[in-house]
Every structure is written in structure tokens, then in C-alpha cells.
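Colleague: Residue numbers (the UniProt record's numbering), protein chains in the order written: chain A, 1 to 507; chain B, 1 to 150.
The set of hints was computed from the structure by calculation and includes no laboratory data.
Mixed in with the good hints, there may be bad ones.
Claimed, not checked - Between beta-carbon pairs, the in silico distance windows are:
no., chain 1, residue 1, chain 2, residue 2, range
1, A, Val-338, B, Ala-149, 19 to 29 Å
2, B, Trp-133, A, Lys-323, 48 to 58 Å
3, A, Leu-299, B, Ala-149, 27 to 37 Å
4, A, His-326, B, Thr-93, 48 to 58 Å
Glycine included, every Cβ here is placed at the ideal spot set by N, Cα and C.
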Amino acid sequence: METTTRNAPERKNVQGLILKGYTHPYSCHLLFQLPGSTQSPGSTPTELSQQQTFFKALYSHVQSAEDWGVYKPVSMLNIGLTFNGISKLDPAIIRQQDLQRFPVTFREGPASGGSQQSLGDNAGKNNKSNPQNWWNGQGDAVTNNLDCIVHIYSLTEEDLEILIAYVLDAAKTNGLTEFIPLLPAIKNGRLYQSIVDKDPAKIHFGYTDGISEPSLKPSEGTPSAESNNNFVIGYPQDALTVPGPTGEDTASIFAKDGCYNGFRVIHQDVAAFNRFLKNPTTDPAVMQQLQQLKLETSLEEWLAAKMCGRWRNGSPLMLSPDKPAHETSHEENFNYSVTDASGHKDDITSSLRCPFSAHTRVANPRDQQMVAAEGTFVPRIVRRGVPYGPTMDDQVVVDDGQDRGLIGLFLCGDLAGQFEKIYGWMNNNNFSGKEIFSVRKPPQDALLGDKTAANSDAFPGTVTSFIIPVDANNKITIPTLPNFLVTRGTAYCLLPSMETLGRMAGV
Amino acid sequence: MASPLTMYVQIKQDAVSQELAEKAVANFTQGVQAGLDAAEIVHYATLALVPNPATTPGTPASGYMGLLLMTDFDLAMNPYLETFWNAGGGIKTAIQGIALIAYNPVPPINTLTDFQNFINSVNLTPAPTSGNWTNFYQAYNLTVKQINAD
Numbered sequence: 001m002e003t004t005t006r007n008a009p010e011r012k013n014v015q016g017l018i019l020k021g022y023t024h025p026y027s028c029h030l031l032f033q034l035p036g037s038t039q040s041p042g043s044t045p046t047e048l049s050q051q052q053t054f055f056k057a058l059y060s061h062v063q064s065a066e067d068w069g070v071y072k073p074v075s076m077l078n079i080g081l082t083f084n085g086i087s088k089l090d091p092a093i094i095r096q097q098d099l100q101r102f103p104v105t106f107r108e109g110p111a112s113g114g115s116q117q118s119l120g121d122n123a124g125k126n127n128k129s130n131p132q133n134w135w136n137g138q139g140d141a142v143t144n145n146l147d148c149i150v151h152i153y154s155l156t157e158e159d160l161e162i163l164i165a166y167v168l169d170a171a172k173t174n175g176l177t178e179f180i181p182l183l184p185a186i187k188n189g190r191l192y193q194s195i196v197d198k199d200p201a202k203i204h205f206g207y208t209d210g211i212s213e214p215s216l217k218p219s220e221g222t223p224s225a226e227s228n229n230n231f232v233i234g235y236p237q238d239a240l241t242v243p244g245p246t247g248e249d250t251a252s253i254f255a256k257d258g259c260y261n262g263f264r265v266i267h268q269d270v271a272a273f274n275r276f277l278k279n280p281t282t283d284p285a286v287m288q289q290l291q292q293l294k295l296e297t298s299l300e301e302w303l304a305a306k307m308c309g310r311w312r313n314g315s316p317l318m319l320s321p322d323k324p325a326h327e328t329s330h331e332e333n334f335n336y337s338v339t340d341a342s343g344h345k346d347d348i349t350s351s352l353r354c355p356f357s358a359h360t361r362v363a364n365p366r367d368q369q370m371v372a373a374e375g376t377f378v379p380r381i382v383r384r385g386v387p388y389g390p391t392m393d394d395q396v397v398v399d400d401g402q403d404r405g406l407i408g409l410f411l412c413g414d415l416a417g418q419f420e421k422i423y424g425w426m427n428n429n430n431f432s433g434k435e436i437f438s439v440r441k442p443p444q445d446a447l448l449g450d451k452t453a454a455n456s457d458a459f460p461g462t463v464t465s466f467i468i469p470v471d472a473n474n475k476i477t478i479p480t481l482p483n484f485l486v487t488r489g490t491a492y493c494l495l496p497s498m499e500t501l502g503r504m505a506g507v
Numbered sequence: 001m002a003s004p005l006t007m008y009v010q011i012k013q014d015a016v017s018q019e020l021a022e023k024a025v026a027n028f029t030q031g032v033q034a035g036l037d038a039a040e041i042v043h044y045a046t047l048a049l050v051p052n053p054a055t056t057p058g059t060p061a062s063g064y065m066g067l068l069l070m071t072d073f074d075l076a077m078n079p080y081l082e083t084f085w086n087a088g089g090g091i092k093t094a095i096q097g098i099a100l101i102a103y104n105p106v107p108p109i110n111t112l113t114d115f116q117n118f119i120n121s122v123n124l125t126p127a128p129t130s131g132n133w134t135n136f137y138q139a140y141n142l143t144v145k146q147i148n149a150d
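Assemble the whole structure, with the sequences as input and the hints as a guide.
Modeller: Here it is in C-alpha cells:
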């Protein structure tokens, strides 16, 4: 075990998907229960041997973050473990008494009362996202027993299937149980990546995804929410969000150079989204306001951009306010606040371009001023998600019953301080002052806010309306946004270091 | 979003610990006032000494069994414990001090993770998985900011 105090992780010891976004067009995410027990006296020697043999079989296929050179690996995988899974491992790797060193949010998991305070799946009446409905209705039976997720990537469909078959065989041979998270009728119910509109960069709803990511560069002495110190466990020196645990105990050693993954499967109701864009309100006065706008695009595209903060090609509204532009489609260099000569910060004017509740503005408000309770910096998360399910044309307004959505991998060093805090913001836009968000009736993220949870005890006063400022004196208020998303399941995993995986594999 | 925190910590019975507990209570408001005012999410906070049980019915007890912190704040518990950890003033110091005189050994509270783990380990009113509290009543669900906005 390395004991020197480097201020940045060695790439060869970090699982690849943490520090680099793969662009492999084929992937699949397999969910497993390991043999063994979390209860004293723990897993039996036979079960520990089965675990080790399984991880040994997979180890040589695990991709690190080391540069892979000119040619991408044809196929590869990464491994995440839930707290439940870690609790089953050999005490020689991690002692039972050290398990409590892991952050409570990771230990208790996303269905816990604490996490649901932010995620809001259990809030409101008859919320379809309720954890009891997760995993195609299996709920706790999966959530409470899920130990391990294997993320498999490939350049070809054939090679993907070969590696999937290899992993499934290793799992079966060694006593693992596979969980099927979706309706078994489609792709055997497994979480296969799909390609939307023949464009690997697109997600359902038609947006180009994955543009805005933290730089993940070492801090080099300057604390930044973008640096990898906030994501990879064990380098608290210049981190703003301090990943844990850190220390000399076996949990800290196990976790070092790892990263947490908020794994979240989200159904997207594309037909409802298409219907909304075509007919955003039944209020004739609001509809008239919308139709009188002098737009350079269709009303549908304009609305889609206002809800996201970027046009569907990726152009940010802050840089391309009137229409999408190829040259800004991957642009990241912009802010929302303007400081005048007297030092006064103006966050309001930018809303004429990008509404305050546009998704990308809520998820990363950049330099927008925040209330004191939010602290002094904007937390970031790394997104490695891919779509699942078949493409639905943007002209279709009637649901076809097919499941489609996002397999979200939200990577962070602090599940509470990064993933859950941002999720809380999406459900309740209350993180900036009253000049920006109504205190009495705060809005939600136009795209990702859970509309079923609005104005529940969890998010008091929140409303499902959407305000679009159009000039200095006028704004359009869409009275009610429908719910476009349903959570299909969530798991909190640790993506351990290569060294830790090696010890689990006995190599 | 209400996050009731009912933090009970049994304390050591030695004279130094007992005196520190008394001082913690005596100085609590002064220590946390500025930090909690600035955060504008805390409805109230009170720290109380829990007396030892009487050894014989009808006779006065001496000393204190533990410390009880009761508070209710807006927003989710764990993301916003960071607010208190990073707030100026005596919040962090108060919690670290309480941990030092705890009867049951508490690992050193040096990081935010340690802080979150400790608070959750002694919280008697954790958020229910269902989202529906069975042991918490509130007459209103307004946030501090919503109340102050009136």
C-alpha cells in the first residue's frame, strides 16, 4: 500500500470511467448479488473463495484510467460495489469494525429516508418513482440485496455480447445472483445502451449530452470544485468537497483512489415531452404570448432550449440565445453573473437568455450568487450516462409502451455534498436569493424536477410552473410542467481502485 | 423539508466531563448564534443537560447522564450538515467538544464525513424511509426563509 502523500491519484490505480468519458457505442450494466453475508460471523470461507474467484475472472478486463494509446480497447469493464457488497468481503481486506467509517449516505443507500430528502422519489402522492417501485417493481428485494454492478463497454455489439457472456458465466459459476432491472421482454431486462437518432452523443428528448464536465485536473495547490481531489478519495489537501473516508483504517485504505457512483436509471416519457413542446399550455393567453414571439427557430425548439439551457445541438443559450450555432455546440466558457464597475453582481439580466430554472443552470449555476446555507462553491458531478431503450421520433405524441430513458452514472467523492445536493436543487430551486427564486413558491428544474413531489412536505411551496423572461419587462409563465421522468432504480456504489480490486481478486 | 435532529449523547461521569457539559450548555446560544443566523435554515436549537436518574425514589439525583441537542432545520440532513461544519462560530467546536466527553468512545471528528457519521449515529429522529414521519409533528411546513419573507 502506498503511504506517500501525493496530491493527485496515479491514473493507473483509478478505474477508467472515473477520469475519462468512454465513447464506446455499446455498453451494458449488470447487477449482482454476491455470495456471502453481511451479518456476523460474515461470509463463509467457501463464499469468500467464490467472491475472489469471480473478481479474479474479471480483473484482467478492468480498464484503468491509464492512457490506452492510439487504439481503444475493443471491450472492457469497470466494477462498482454497494456498501452491502463491501460488507460481505473478506475481513482481511476490510475489517467489519471499520465499515462504519464510510459516509452514512453511502452506508444507508439511496432508498433511505436521509437520501430521499433530496431525491424526492417517495415525496408526493402516488409517486411512480417511489423506491418500492424500483427495479421493475422488485423494490427492496433488489435495493437491499444489490452488491455489485459490472459496467461493460465495447466497440462492437458482438464483442459486447462476448464479454457479457463471460461475466455471466463467471457469476453463475461462483454463486452470484443476477438481478434483472427492467421488463424482461426487452433485451432480457438488462440495461443495454442504445443509440438515439444514430448519434452516440444524444439522449432521449434529443439533447446532446455530456458537454459540461468537471476538468478533473489535479488542483495543483488551488482549491477548485472541478479538480479530481473532489472526486477521487484520498486527496483532501485541496478539495472543496472532501471525499471520505480518509485515514489509516482498513476502510480508508480500501476506498483510497476510489470514487462514488450515484447509479440512477431514469425512465423518460418522450411522448409526453413531445406533446408538451407542441402544446405547452391550455391557457389561451399564455399560448398567444408564445405564438407572438418573433423567433428564429420553431417554438418547439425554442421551448426545448429554454427548458434545458442549451439548444438540442448543445449550444448554450448564454452564447447563442436566438438559435443553435455549430461553433458553440460544445462551448463551456460562459457565466451567468455580470459585475459592474461598482462591484455589483447582476444575475438577473442573464435570465433573458437562460431561464433560472433551465436544467443546465440549476445543475451547474456557475457564478450565480447563492444563499449562505449553500456554502461558498458550486459542487460538481461527473456524468457518464448513456440512453437505454428505443428511439422515439420527436413527432410522436402517443406513448408506445416501450421503456426508454437514461442509465445515469453520476460520479462524485461525496454523495451527500455533490450528488444529493444538486438533486435537491433540481427538486427545489431555492439555492439562490429571492431576486432569483420565489421564496414562497420556488420552482423546480424544468426538465428533471420531480413534479409529483412538488409542494409536498419534502419541498414545501414548490410549484410546477416555468418562468421564461423574454425582455426586461415581460416574462411568459407556463402554468404547469408535466412530469417527464420516472425513477426506475438507484444504487450507490464505490468504484474501488485497481489496487483494491486486485486485493479482492487475490492477484 | 424539515430535518429534525434529536441528538442524545451519554456523557462521562467524571468531574471534568460534567463541568464541560455544563459549560457547553451555558455557552451554547452565544457560540452558535452567528453561524445559525447566517445560514437562515434553522428554526430553533436547544442544548439541554439530561439529569442522572435518582438512585432512590424521592431523593434528588446528582450529575448528568447526557446532553440532548434538539433542533429542526430546513433542507435535507446530510447535504446540509456541511453548512454547519463549515459555518463560522462554535457549531463545529461544540459538537467536537460533546464527542470528547461522550461515554461511548467516538472516533475523532476531523472531517465532514466524521461529522456526518457522528451526528447520524446519535440522532434519535432519523428521516423515515417512507417519507412520512410517525414521531415528528410540525404545525407548519414553511421554511425559515419563507417565514422571514412575511
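Colleague: Which of the stated hints cannot be reconciled with the structure, identified by number in ascending sequence?
Modeller: none
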